[in-house]
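Here the protein sequences come in this chain order: A and B. Read in our numbering, the first sequence has 177 at position 177, and its numbers run on one by one without any break. Read in our numbering, the second sequence has 241 at position 241, and its numbers run on one by one without any break.
Some clues are possibly wrong.
[Unchecked claim] In silico contact screen, one side only, chain A against chain B (beta carbon under 10 angstroms); selected entries: (1) THR82; (2) PRO83; (3) ASP84; (4) ARG85; (5) ASN88; (6) SER90; (7) ARG128; (8) VAL134; (9) TYR164.
[Stated by the list, open to error] The calculated label-pair distances, taken between Cβ atoms and stated as ranges, are: (10) A:ILE17 to B:LYS104: 48 to 58 angstroms; (11) B:LYS104 to A:LEU67: 54 to 64 angstroms; (12) B:ASP263 to A:LEU98: 22 to 32 angstroms; (13) A:THR68 to B:LYS445: 15 to 25 angstroms; (14) A:ASN66 to B:LYS104: 31 to 41 angstroms; (15) A:VAL21 to B:ILE56: 52 to 62 angstroms.
[As the list claims (entries may be wrong)] Covered, in the sense of this in silico footprint (three residues per stretch, anywhere, with C-beta under 8 angstroms from a C-beta of chain A), are these stretches of chain B: (16) 18-30; (17) 264-278; (18) 289-300; (19) 377-385; (20) 481-490.
None of these hints come from the bench; they were simulated from the model. We treat Cβ as the ideally placed atom computed from N, Cα and C, and that holds for glycine.
The lines below spell out each chain.
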Amino acid sequence: MVDSNLVLNGQTFAYTIYAIVIILLMAWFGYKITKTGKTGVLQTRLFTVLVIFLTLLGVSLHIVTNLTIPWVSIDLNRSEITPDRVFNISVADHQFRLPEEKMTAKVGEIVLFDVTSSDLTYGFGVFRKDNTMVCQMQVVPWHRNDLMWKFEKPGIYTIRSTEYSGPKGHQMILKDVLEIKE
Amino acid sequence: MSYIDTLLNGEQGAFNPDKLTPMQKLALRFVVVGVLYYGLSAIEGMIMRMYEISPIPGFDAEHFFAIMTAHPLVGIFGSSYSIVFGAFLFLVPFLMKKPLWSIKLGNWSFVLIAVGTLIFWLSGFISHYAPLYTLYWPLPADFTQFSPVGGAIFILGIAIVMVGTIFFVINIFKTIAYTPEGFEKVSGRAMLASATGFSWKESIFRKKSKRRENLVSLPVAAVARGTVDTLLNAVIIAFTGVLILVYMVAAILGYDLKETAIDALLYKNWFWWGLDLIADGLVLIFVAGTGYLLAMLITGKDLYMARIARLALWVELVVSWTVWSHHLLADQAQPGILKIVSGEFVTAFELITQGLAFFITLITLWSARPLKMTNALKFLLGGLLGFGLAVPAGIIQADIGLNRILHNTQWIIGPHVHVAILIGLVMTLYAAIYFLLPILTNGAKLYSQKLANFHFWAHLIGGIGMGAFMGMAGLKGMLRRTVYYEGEYNLYMILAAICGALLLLAFFAFLYNIIMTFGVKGLIGIFTPPKTKTTDLLPKDA
């Protein structure tokens with residue numbers, strides 16, 4: 001499974017290119033609209049092509065990502081996958097309670113984080129040393145919140161709540177509590 | 001004229017509030033209060049930008065989150081609703097060439113929205129009630145962190161805004177449907193069916209020869225369709241307010257309803273369904289309609305592909321009822337089918353509907369070139385760019401794979417939410433304000449074109465820049481609704497704050513320009529009772 005940073009870099013690259021193109025397009029349009037020149041409107045046929053293009057773009061984006069981002073199929077089929085390691089975590093009173101002081105797993109293992117809350121809605125996110133996010137999910141009280149993940153790189157990771165749960169919530173951080181070994 | 005004369009009486013003394021009709025006063029009151037609430041929201045935003053760099057002495061985290069709760073609500077209800085409602089209460093009768101159904105009800109809408117906003121803002125300021133803009137605590141409510149009394153007053157303020165909103169809805173639909181005295185009788189039901197799009201008369205699938213003419217113009221149809229979502233949203237928010245109030249009253253009386261809570265996931269679905277009627281419903285429909293109207297007024301031409309545009313507005317309305325699940329892609333208990341169908345694929349329709357609105361408006365403008373680069377035109381182009389940037393950013397995060405690594409990061413709130421609102425929505429509203437200024441004021445002269453130019457560029461660069469730097473921080477893992485105390489994201493936050501400061505400067509330039517255009521006496525005169533009792537929109541001699 002590819003590292004989530006790689007997917008994020010790809011997305012950043014694609015969106016940045018798009019943003020530059022659309023800004024330049026509007027700048028060009030703003031300049032040309034004040035000048036004399038051809039004023040013909042787009043032909044109906046070309047307009048239809050535009051509609052088809054937008055439709056294909058909207059739909060294909062999700063098809064492409066669902067087929068290429070590896071954690072999507074794991075996520076959608078997680079009830080049928082047997083994890084190599086399960087971490088049962090509970091949350092209450094703005095505190096995470098871990099199954100052990102330091103959770104460990106190996107690179108390439110399928111890990112299941114099974115998180116339950118007995119009071120409020122929280123978040124659960126895994127973060128790298130440089131604060132970038134590996135993955136996250138919501139933690140809704142009295143529901144099963146299970147996140148299945150396959151770590152590709154060894155390292156020590158931090159867990160923090162990714163959902164606002166009042167002023168007490170933003171300090172729900174457990175540093176270096178997850179270790180992924182070679 | 002001396003500086004003091006201009007400050008008191010406006011540029012060249014051209015604005016005379018005594019000559020305003022009651023309808024002009026109503027629209028201007030909405031706009032002035034909406035602009036002031038925008039300023040309040042912008043100042044709050046700047047405080048938060050500074051706090052994200054380094055906590056400000058005297059402000060604790062509770063205060064920060066209270067500001068974060070009030071900030072979007074003041075922006076949405078106090079500012080955007082006020083400006084939009086004021087403009088549409090004037091434009092719908094203006095376009096339909098008949099008086100507003102009830103000016104009195106319009107004034108009630110204005111008062112209730114202005115006062116309701118002030119109440120919930122004050123309640124948040126004093127009691128630090130901070131459940132965020134979602135109003136709710138994803139139930140069960142937690143009163144160990146908040147005062148239920150402060151929360152109850154907060155909800156009262158929201159409820160008052162919703163009553164004002166429902167009055168607006170009634171006024172718009174009544175205005176579309178009713179026949180004023182002396183006018184030729186038309187069927188109110190047929191007018192409403194045509195306006196909302198629930199009429200096969202306008203069906204695109206009918207043969208050209210069998211199609212009947214639409215009873216209402218495209219911009220009025222856009223207002224009507226957006227107003228359907230406004231009504232549904234008001235009902236949901238009002239009901240939710242009552243629900244939350246039950247928890248609060250119980251807490252005040254000493255009962256804890258925590259263990260009898262409504263299912264949190266069900267509640268999230270319910271609330272996001274309602275809240276999305278704003279973000280993915282009325283905002284998109286109103287803005288598309290305003291863009292179409294401005295394009296037609298600026299060019300003096302019919303809209304390109306008007307029939308498709310009308311259909312796209314209807315599709316957008318239906319889509320807005322079915323996209324809520326993209327807010328719950330990170331909720332593992334949410335059924336997968338809802339995530340894929342509602343969260344991903346129906347949401348992707350917004351790329352189509354908004355893409356069509358974008359191109360139809362541009363093509364209409366292009367058909368009339370060369371155009372003079374007026375303030376209305378340049379702000380309209382800015383608004384289109386805003387949605388051109390923000391909608392694809394939203395489609396990216398409404399993806400099961402990407403949401404797993406983007407949800408609740410600054411990416412969501414930066415390139416998507418703030419660019420959509422500040423650039424897409426607000427610049428379109430500014431375009432409408434600049435366009436309507438001479439009509440609503442009977443020819444007041446803008447004080448300074450240089451200030452208007454500065455307003456445009458500072459707002460555009462500041463808004464896009466702020467969104468971009470927030471987005472970059474998000475891609476590096478910075479969460480929204482969080483304070484970082486160790487300067488982890490200071491580079492991005494300092495750059496975002498510089499852009500935020502530019503936005504604030506843009507606002508002050510605009511405000512100063514408006515004060516000098518109207519004059520202090522003129523601004524006060526907008527809020528005094530009208531001298532004439534006519535239901536006409538404009539003075540007879542205008």
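Can you confirm whether chain A covers the stretch 18-30 of chain B, using C-beta to C-beta distances below 8 angstroms and requiring at least three such residues? Per the Cβ count (0), the hint is violated.
Does the Cβ distance between THR68 of chain A and LYS445 of chain B fall inside 15 to 25 angstroms? With Cβ atoms ~58 angstroms apart, the hint is violated.
Any CB of chain B closer than 10 angstroms to the CB of THR82 of chain A? violated, 17 angstroms
Return holds or violated for the Cβ distance of ASP263 of chain B and LEU98 of chain A against the range 22 to 32 angstroms. holds, 27 angstroms
Under a C-beta cut-off of less than 8 angstroms, do 3 or more residues of the stretch 481-490 of chain B approach chain A closely enough to confirm the stated coverage? Satisfied; 5 residues make the cut.
Given ARG85 of chain A as an interface hint, is the shortest Cβ-Cβ distance to chain B below 10 angstroms? violated, 18 angstroms
Please verify the coverage claim for the stretch 289-300 of chain B: does it have three or more residues whose C-beta sits within 8 angstroms of some C-beta in chain A? Result for this restraint: violated, n = 0.
Given a hinted range of 52 to 62 angstroms, is it respected by the beta-carbon distance of VAL21 of chain A and ILE56 of chain B? violated, 39 angstroms
Take the shortest C-beta to C-beta distance between SER90 of chain A and chain B; is it under 10 angstroms? Violated, because the Cβ-Cβ distance from SER90 of chain A to chain B comes to roughly 15 angstroms (cut-off 10 angstroms).
Against chain B, is PRO83 of chain A within 10 angstroms by beta-carbon distance? violated, 14 angstroms
Test coverage of the stretch 377-385 of chain B by chain A using CB-CB distances below 8 angstroms; three residues minimum. With 5 residues in contact (Cβ-Cβ under 8 angstroms with chain A), the coverage given for the stretch 377-385 of chain B holds.
Taking the closest Cβ pair, is VAL134 of chain A under 10 angstroms from chain B? Holds, about 8 angstroms.
This entry does not satisfy hints 1, 2, 3, 4, 5, 6, 13, 14, 15, 16 and 18, going by the numbered hints stated previously.
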